[in-house]
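Undergrad: Listed here are the chains, written in short residue letters.
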Amino acid sequence: MASDLSAHSFRLANGGRIDRSRPVRFTFNGRTIDAYAGDTIASALLANGIHLVGRSFKYHRPRGILSHGSDEPNALLDIDRGAGRRDPNNRATVVEALDGLAARSQNHWPSLDFDLGAINDRLAPMFAAGFYYKTFKWPRTFWHRLYEPAIRAMAGLGVAPTESDPDRYTQRNAHCDVLVVGGGPSGLAAALAASESGARVILADEQAELGGTLLHDRISQIDGRAADTWRAETLATIAARPDVIVLPRTTVFGYYNHNHIAMVERVTDHLQAPPAGLPRERLWQVRAKKVILATGAHERPLAFADNDRPGIMLAESVRAYINRYAVAPGRQIVFAGVTGSAYQAAADAKSAGLAVTFVDVRDPTQCGEEVGELRALGVEVLTGHTIIGSVGRKRVAGLIVAPVNGPGDVGAHRTLPCDAIAMSGGWTPAVHLFSQSRGRLQYRDAIDAFVPGASAQSECSAGAANGTYDLAATLDEGWRAGAEAAGTTASRSFAVAPSTRTDSGRARSLPTDRDADRVRAFLDFQNDVTVKDIKLAVREGFQSIEHVKRYTTTGMATDQGKTSNMLALGIVAEALERPVPEVGTTTFRPPFTPVSFGAIVGQARDALFDPIRKAPLHDWAEAQGAVFEPVALWRRARYFPQAGEGMHAAVSRECRAVRSNVGIFDASTLGKIEVVGPDAAEFLNRIYTNAWLKLAPGRCRYGLMLREDGFIFDDGVVARIAEDRFHVTTTTGGAARVLVHMEDYLQTEWSDLKVYLTSTTEQWGVIAVQGPKAREVIEPLVEGIDLSPGMFPHMAVRVGRICSVPTRLFRVSFTGELGYEINVPTGHMRTVWDAIIKQGAPFGITPYGTEAMHALRAERGFIIVGQDTDGTVTPDDAGLGGMVSASKRDFVGKRSLVRPDMLLADRKQLVGLTTADPKLVLDEGAQVVADTKAPIPMKMLGHVTSSYWSDACGHSIALALVSGGRARLGETLHATTPSGFAAVKVVTPVFFDAEGKRVHGGLEHV
Amino acid sequence: MLLITCPYCGARPEIEFRGGGEAHIARPSDPAAVDDQSWAEYLYYRSNPKGVHAERWLHVHGCGRWFNAVRNTVSDSFEQTYRMGEPRPDATKERR
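Chains as they are written, first to last, in the numbering used here: chain A, 2 to 1007; chain B, 596 to 691.
These are calculated hints, taken from the structure and not from any lab test. Hints are not guaranteed to be accurate.
[Stated by the list, open to error] Pair by pair, the computed Cβ-Cβ distance ranges are: (1) B:Gly680 to A:Ala842: 53 to 61 Å; (2) B:Asn643 to A:Thr163: 44 to 52 Å; (3) B:Asn643 to A:Pro408: 53 to 61 Å.
[Stated by the list, open to error] Take a look, some chain A residues computed to stay more than 10 Å from chain B by CB distance: (4) Ser7; (5) Leu158; (6) His261; (7) Ala413; (8) Arg445; (9) Val741.
Idealized CB from N, CA, C, for every residue including glycine.
Could you build all of it, start to finish, from the sequences and the hints given here?
TA: What follows is the structure, given as structure tokens:
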């Protein structure tokens, strides 16, 4: 055995597509593995005599390499490319060997060779289908805390990386006339035909080299040339044509609506030293006029007892390892199967100098001339035999077979010694993408498989994906599909010799004389589902294939049952005694193979994950040490702490400055819409609840906007700049939806109105200067506007200049103080802001943030839409019934306000709450109840919507929506707190300056 | 992702659009004259068919225009898109 474990001990002397002049070394579980460029991890391990590469999911059984492609269920490895570049669950069969790469096996402890979890294999009778559902039901609370974590640790695949991924991922959009998925013979022929007429073609294949089965076909001659020569020439011809993109290492994983195709290109993983600037992976989103699915077929295993031992592989994969990688999976190989392709694989193994035996489980009468041909090569061929089981543990050592003399009559056992088994239970067309496209599958009895039927989108399948296995027919079909997709009628026929062996028998559970309840024949290797599990599920009453799938988990692992589904389906049909098409198939969902989060996320990470909108003064606020909060996509300065100040102290100081002197606030995030046109006033009259026709130019009005269902949608001050021009402001978060709402009515209901809407949110910067000294601060800076109260009263607007910059100057207040909102072009905002700060310094001008703004407006009982309302609040509920025009015939939402439900006395109404403990600031969202002793679930009367410490009042204040609230003024209710309840008194929702005199400033009310 | 043909801009990916629900539900010209039930039906009642559905779309990240479309809700195929104010195309083409 020592020689078996030396480097390349199972490497064949000649042949293969590996580059023997470029040795590559990586490690597997710490051991150095010698490989060549062109090897996969799997082929390199096999070349070094290693079959045991993992432990199974549930039973921790030793598992080896089953396949040579992306359908691999067993050989899942953790791949470490250094510093943060670690991924679990890589299929060893698709990862290319690279110097310095570290591969590790998964799901075992303490080691792959000695895994304590293998006790599960001895306890297997416990782990029947539905084991978890049946066992871990009680007590309920144990699931979350005990069962699930323990099961996850025991039955799992790889471990997710903990470090941040240092690689870059990009995304790309593309359009093409024809997308060919798969670069095997039919895909190459299709791309050749489609590109001949100059169509824009993308040809994508998941493998490092295009060619599919041609890469390991050493006997076929296509049009008189060796298969590989034809492959290389064809590929060169295609790639040289204009408007053709050939993408190796690119997996088409999703087929979505209207020929929207998602694929991932692995750009650098195979490069020893990737050039700087290349992304690791590139996600392509392609919109193709026509898609050709040339995705090939997957080989099925055979269901015999202990068919999962390391060394038991698929027959075509054995052929691929021998011919493509010059690797002998074993020196003494037993082939077992029902397919003509397995005979070809056996013949290739024989001519590679390996000892070969063939077991055909078909009756001799069903076998063709391939039996005689293989025997002529000196291979022992047993027909009419069944497979009883295998021997060996960490590597298969023999196959137990027996002749079948008649139904239920199994003859004497014979063990065929071997170090590898190549099985072939038939072929399953890879219809995943077709099925994702919502095409309908149909069952083709002759090949015991589902093939594409009626299309739902503009696509067509060709070659093995379409159930066509003969090479010549595959090429013809691919060519035809490509020509048709490109809109040409050119035809071509390919000559192939020798003809392909495509016959296939029908394999289900194999006859055995062992106790069927004691043996385990695996169907889904990755999820450890056996024939017995399927039969148990059917016995327990599961009839639908979708239910059997979920109950047994067959086909639900990361390989999605590529190798196992069709065999499992056959077993279900057998158990139900119904034909396969009646049982149907499960749904194929994207992705075809696992896709990295990196590819999906692309560049949308870190700062680009969720774009942030910054107000014009963001940098200034940051330099002032502002604490920010997210408001919609914006970041707004919440408060400006001075040295040693906490939030509470800072906010109180900011509020005090506004109430006693003057504060300055960046209100630029307010939404702004310019409404212009001869019918602008009429339009606003229909959109808002209040009246607009008589608003004079130069005046502002607070407007309330409803949805058609009568609930408050948005609010804001609107200024009439001219007869036909309004400056509308919206809430910070509502700008976009208000514009959509307005456009909707304008375009679809009132298209006769001459009105134009333009978003100006980003064009106007807004500086709010609020407080008794506001006028004194800005007066020296303003040109062309008389600020005296008589000439410029509250709720007026003037156009002029400030600091020589054009301004729309609003005299409005969201604080209850004398105040201005100074609109200036955004680019000039900083200049004006700095000038006001300088001018205000003698008055103690204080920048304040959103928190102070909130507290100040709450003291005056001003609502914030979306905080004090929630989409179920009417104007009357919010105490704004006076805003609703009684005289207007119609406006959006008016009719809904008199629906019976809108008039109920117990509707939730906005009220104020004061706490019995004046220092207690309630939680926003706290529930309000009448009786804390009421049985649970107790009746909730409403909830707190806004809650602050009020510096001006000297106690906490809160707004709340309370059922029948206005009829409860003076009542004591209770609000929930983290530790229980707090007594609250229902009051009018105005806490300060109840008469609203302060907005007029000191001069006006003397 | 759907490919939607804006009558003004041509075929564009779905992410440029915003759906607006069922089309051809006219706002009553005199809402005050409508009884509660009829108003509730205008607000809330929708046909939600399995099959051909006329619906509103807004090319919000494009030309900003609202338009109508006839889409098959089973296959997601668009039979037609057309401008606001144009009548719903002949429904005799209904499939499935």
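Undergrad: Which numbered conditions among the earlier hints are violated in the structure presented, ordered from lowest to highest?
TA: The structure breaks hints 6, 9; every other hint is satisfied.
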